[in-house]
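Enquirer: Sequences listed follow chains S and H, in order.
Under my numbering, the first sequence has 265 at position 265, and the numbering climbs by one with no breaks.
Under my numbering, the second sequence has 87 at position 87, and the numbering climbs by one with no breaks.
Take the hints with a grain of salt, since some may be wrong.
[What the hints assert, rightly or not] Not close to chain H: a few residues of chain S, all C-beta gaps over 10 Å, as computed:
{"#": "1", "residue": "26"}
{"#": "2", "residue": "70"}
{"#": "3", "residue": "85"}
{"#": "4", "residue": "87"}
{"#": "5", "residue": "113"}
{"#": "6", "residue": "132"}
{"#": "7", "residue": "143"}
{"#": "8", "residue": "203"}
{"#": "9", "residue": "267"}
{"#": "10", "residue": "289"}
[Stated by the list, open to error] Estimated spans, in silico, between C-beta atoms of each pair:
{"#": "11", "chain 1": "H", "residue 1": "418", "chain 2": "S", "residue 2": "59", "range": "23 to 33 Å"}
{"#": "12", "chain 1": "H", "residue 1": "209", "chain 2": "S", "residue 2": "285", "range": "48 to 58 Å"}
{"#": "13", "chain 1": "H", "residue 1": "195", "chain 2": "S", "residue 2": "153", "range": "27 to 37 Å"}
{"#": "14", "chain 1": "H", "residue 1": "349", "chain 2": "S", "residue 2": "63", "range": "53 to 63 Å"}
{"#": "15", "chain 1": "S", "residue 1": "153", "chain 2": "H", "residue 2": "252", "range": "35 to 45 Å"}
{"#": "16", "chain 1": "S", "residue 1": "92", "chain 2": "H", "residue 2": "276", "range": "30 to 40 Å"}
{"#": "17", "chain 1": "H", "residue 1": "258", "chain 2": "S", "residue 2": "131", "range": "23 to 33 Å"}
{"#": "18", "chain 1": "H", "residue 1": "61", "chain 2": "S", "residue 2": "109", "range": "52 to 62 Å"}
{"#": "19", "chain 1": "H", "residue 1": "61", "chain 2": "S", "residue 2": "287", "range": "33 to 43 Å"}
Hint data in this document are derived by calculation from the structure and do not stem from the laboratory.
Here the structure is a predicted model, which is why all the values come from computation and not from measurement.
No residue lacks a Cβ here, since even glycine has one placed at the ideal position from N, Cα and C.
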Amino acid sequence: MISSPTQYLKTRINQDSVAPWLFSLPGILLLLAFLVTPFLLAVTYSFTNLRLLSPIPLRFVGLENYVETLQDPIFYRALANMLLFVVIVVPVQTGLALTLAILVNQKLFAVKAFRTIYFAPVLSVMAVAAVVWRILYVPDGGFINGFLGAVSGGALHPLWLHSTSTALLAIIIMSVWQGVGFQMIVLLAGLQDIPEDLYEAANIDGANRWHQFRFVTVPQLRNSLLFVVTITTIFAFGLFDQVYVMTRGGPLNSTQTLMLTLVDVGYGRQRIGQASAIAVIFFVIVLAINIAQRLLIREEEA
Amino acid sequence: MAMRRLAVLLGLFTVLGTACTSGGGGQTSTAGCTGKVSGGPVTVKLWFHSGTGAERDVVASQVSAFNASRSDVKVQLVLLPEGQYNDQVKAAAAGGQLPDILDFDGPFLYNYAWSRNLIPMDSCISSDLKADLLPSIVAQGTYAKHLYGVGSIDSGLGLYTRKSLLTKNGIRIPSGPQDAWSADEFSKILKTLQGAGFKKPLDLKLNYGATEWYTYGFSPIIQSAGGDLINRSNYQSADGVLNSSASVQALTVFQSWFKAGYVDPNDDDAAFKTGRSAISWVGHWMFVDYKKVYGDDLVILPLPNFGTGSKTGMGSWQWGITSNAKSVDAAWAFVNYLLQDKQIIQYTNANGAVPATKSAIAQSPQFAQGSPEYIYVVQLQSIAVPRPQTPAYPTITQSFTKAIDDIVHGGDVKTALDNAVRTIDKDIKSNDGYPIKG
Numbered sequence: 001m002i003s004s005p006t007q008y009l010k011t012r013i014n015q016d017s018v019a020p021w022l023f024s025l026p027g028i029l030l031l032l033a034f035l036v037t038p039f040l041l042a043v044t045y046s047f048t049n050l051r052l053l054s055p056i057p058l059r060f061v062g063l064e065n066y067v068e069t070l071q072d073p074i075f076y077r078a079l080a081n082m083l084l085f086v087v088i089v090v091p092v093q094t095g096l097a098l099t100l101a102i103l104v105n106q107k108l109f110a111v112k113a114f115r116t117i118y119f120a121p122v123l124s125v126m127a128v129a130a131v132v133w134r135i136l137y138v139p140d141g142g143f144i145n146g147f148l149g150a151v152s153g154g155a156l157h158p159l160w161l162h163s164t165s166t167a168l169l170a171i172i173i174m175s176v177w178q179g180v181g182f183q184m185i186v187l188l189a190g191l192q193d194i195p196e197d198l199y200e201a202a203n204i205d206g207a208n209r210w211h212q213f214r215f216v217t218v219p220q221l222r223n224s225l226l227f228v229v230t231i232t233t234i235f236a237f238g239l240f241d242q243v244y245v246m247t248r249g250g251p252l253n254s255t256q257t258l259m260l261t262l263v264d265v266g267y268g269r270q271r272i273g274q275a276s277a278i279a280v281i282f283f284v285i286v287l288a289i290n291i292a293q294r295l296l297i298r299e300e301e302a
Numbered sequence: 001m002a003m004r005r006l007a008v009l010l011g012l013f014t015v016l017g018t019a020c021t022s023g024g025g026g027q028t029s030t031a032g033c034t035g036k037v038s039g040g041p042v043t044v045k046l047w048f049h050s051g052t053g054a055e056r057d058v059v060a061s062q063v064s065a066f067n068a069s070r071s072d073v074k075v076q077l078v079l080l081p082e083g084q085y086n087d088q089v090k091a092a093a094a095g096g097q098l099p100d101i102l103d104f105d106g107p108f109l110y111n112y113a114w115s116r117n118l119i120p121m122d123s124c125i126s127s128d129l130k131a132d133l134l135p136s137i138v139a140q141g142t143y144a145k146h147l148y149g150v151g152s153i154d155s156g157l158g159l160y161t162r163k164s165l166l167t168k169n170g171i172r173i174p175s176g177p178q179d180a181w182s183a184d185e186f187s188k189i190l191k192t193l194q195g196a197g198f199k200k201p202l203d204l205k206l207n208y209g210a211t212e213w214y215t216y217g218f219s220p221i222i223q224s225a226g227g228d229l230i231n232r233s234n235y236q237s238a239d240g241v242l243n244s245s246a247s248v249q250a251l252t253v254f255q256s257w258f259k260a261g262y263v264d265p266n267d268d269d270a271a272f273k274t275g276r277s278a279i280s281w282v283g284h285w286m287f288v289d290y291k292k293v294y295g296d297d298l299v300i301l302p303l304p305n306f307g308t309g310s311k312t313g314m315g316s317w318q319w320g321i322t323s324n325a326k327s328v329d330a331a332w333a334f335v336n337y338l339l340q341d342k343q344i345i346q347y348t349n350a351n352g353a354v355p356a357t358k359s360a361i362a363q364s365p366q367f368a369q370g371s372p373e374y375i376y377v378v379q380l381q382s383i384a385v386p387r388p389q390t391p392a393y394p395t396i397t398q399s400f401t402k403a404i405d406d407i408v409h410g411g412d413v414k415t416a417l418d419n420a421v422r423t424i425d426k427d428i429k430s431n432d433g434y435p436i437k438g
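Given only the sequences and the hints, what does the whole structure look like? Please build it.
Expert: Here it is in C-alpha cells:
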C-alpha cells in the first residue's frame, strides 16, 4: 500500500532503475561478447606473436608489432589513401544525399518511385555491386567508357581501375553511388520533421528559396546532418569490400587501405598478432577523429 | 552497409577468439592407416574448390560413384568458391572445423603440414601406387620426409599459339624446351605480331588478377634467369635470390612488354579465343577450351628462356587428410579411389591436366609423343620447378604476387622485389625460421 507521495516516488525510482537495465541487458551482453571482449583480446594479442596456424608457442613480444607497423611504408600509404577517401567522400556523399533528399521530398507525381530508385543501391550487397562495377569500369568495351567516349567524341578514355591516377576515384564514385541512398533516407526523415509553418513564416517574412534553405532547412536538419557526417566518416574509414573485390589495393598501392592491410597480414600472412596491432591503431585513429568532430561541433554550439 | 561491416568485423573477431582457444595450432593426430575401415558406415566430409564447371562435375560424379560402390564409407562433398578457398581453409583450421579430406593448391601443403592440420599418408599409400606416381607429385606432397598430400593431376605452363600464324609471319617454331625462344627473340616476335595486325599480341591471363596465378605463371621467369623465390639451400631468406640482378633484369624485360603495349588486359577472358591475341601464356587448364576453337592448328610451346633455359611451374591441387579426420582409413579409401587410373583419366579429360600416374599417362593419347600436350610430360621430367617447399609459402606467394602486380602497373622492378624480400624475410624471422618439429 502506498501511504505517502515520497514512498510512491521511491518505488517508482527503484522500478525505473531496474527496468532500463533489464531491457538493455541483451544488447549489453551482445556488445560485451562481440565487441568489447574481442577488442580487449585484440589489444592483448597485439603484444604477442600469435599466428592463425602455428605450432610455435605463444610469446610476448612487447611493442614489436607496433614498431613494425609504424615502420611500414604501406601503412602510411594506406592511411593517406583512407584520409583522401574520407575527405572526398564525406562532403560529396552528404551534399549529394541532401540534394537528393530535397528532390524526393517534393510533392510530385511518382516521387516514391524516385525514392526507391535512389535507395535501391543500398540494398545491393557491396561485393556484388563491386563485381558489377568492375565490369562497368573496363576501359575497352566497358559501359562507362563507352558512354564517355560517345559523349566526348572519343576524347575521354580513362583507364579507371588500371591506373594509379584514377583507381581511387573509381572506388569513390562507386562508393558514393552505393552509400548515398542511406544518407538520403535519414535526411529525408529529418526534412519531413521540419514543421511546415516555419516555411510559411519565412515566406511571410519575404525569405526566398535560398534563404529558406539556409536559415530554416539547414538549422532544422542539424542533428540529422551531424549523424550522417559521423556515420559516413566511420564507414569511410572502414573501406574494405570494394577495394578487396575491385583492386586488392592496387595498382601500386593506390587503393590500399588499413582494413585491407589488416586482412592481408592477418589472413594472408597469418600474423594475427600484427594484424591486431593494426586493428588497435585503426581504432585509435577513428576514435580520435570522432572525438575531434564532436569537439568541433561543441565549439560551434557555444 | 552497417550490418555487413559489422559482420566482417565480427567474423574477424570470432577468428581472433577461436585462434586463441584452439591455441593457434590445431590438434595433432598421429594416427595413420590400419588398412581397415571399422565401425562403419563412416561419413567422410570432403571440401573441394569449385574450379571450372567440368572439373566440379567430374568430382561430383566420382563421389556418387564411390558412394554407390561402398557401404562402409559415405563421402559428403562440400563445394567452396575458389577465390577465397585458402582463406576459408585457414579460418576453418584455426576454428577446428576442418573436414576429413581437403583439397588444396599444392604449395600450401607445407604450411598446413607444419601447423599439424594434415596427417602423413605414409602408412596408407601402397608402394605400388607410390612408385606409379610422377616424381613431381611425390616431391610436391612431401614435407619433412613425410607424404602429406597426393594429387590426381600435375600441371604445366606453355605458350598457346597457332602454327599457321607463326609460319605466315616467318617465326621459328621451337621443337621443345631445349630450343625455346630466348627472351629477346620473344620480344621481337611480339613486335612482329603487332606489326602483323595484332594490336595486343600477348595474353597473360591478367583477368585472373593478383592471385596465385601470378606466382605460378610468372615465377618461372626469374627461375629461368637464374633467380628464385627463395634461397632453397635452407629456406631462411629470399635476399640476393628474389631480388638478384638476374631476377630484376628478367622482370624488366617482362615489364617492357607492358610498356610496349603488347599485353592484352583480357578483361573479357577471351583475348586468345576471339583471335585478338596471338599468344596465350597460360597453364594446361585452357587446353580443352582452346582446342575447341583452333583444333589441330593449336600448338603449345615452352615459355621463353631468360638465360638458364626455359622453366615451367608444376604441381596442382592435392588431396590431404586432416587431423580432424574421424577415420583415416575411410578418408584414405576415397583418396585411393580417386588415384585409380580410370578416375584420374576421367578428371584429366575434363581439365586437360597431366595425369598423376605414369600408367594413366600411358593410357592418355593426348599426352603421347607427337600430341600437343606431350610437351607437359617432357617439361615435368626436365624443366619443371616446384614452388618453394616451405611453410613460408603463403607469405612468399602473397609478396611475389604483390611485386608482379606493381611491375605490371609500371612500378620500379628492383623496389618491388626488395619489398617482397623484406616481407618474406621478416615473416621467416617472426616464425623462428619455421623449425621442423617431431
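Enquirer: Go through the numbered hints given earlier and state which of them the structure violates, listing their numbers in rising order.
Expert: 9, 12 and 19
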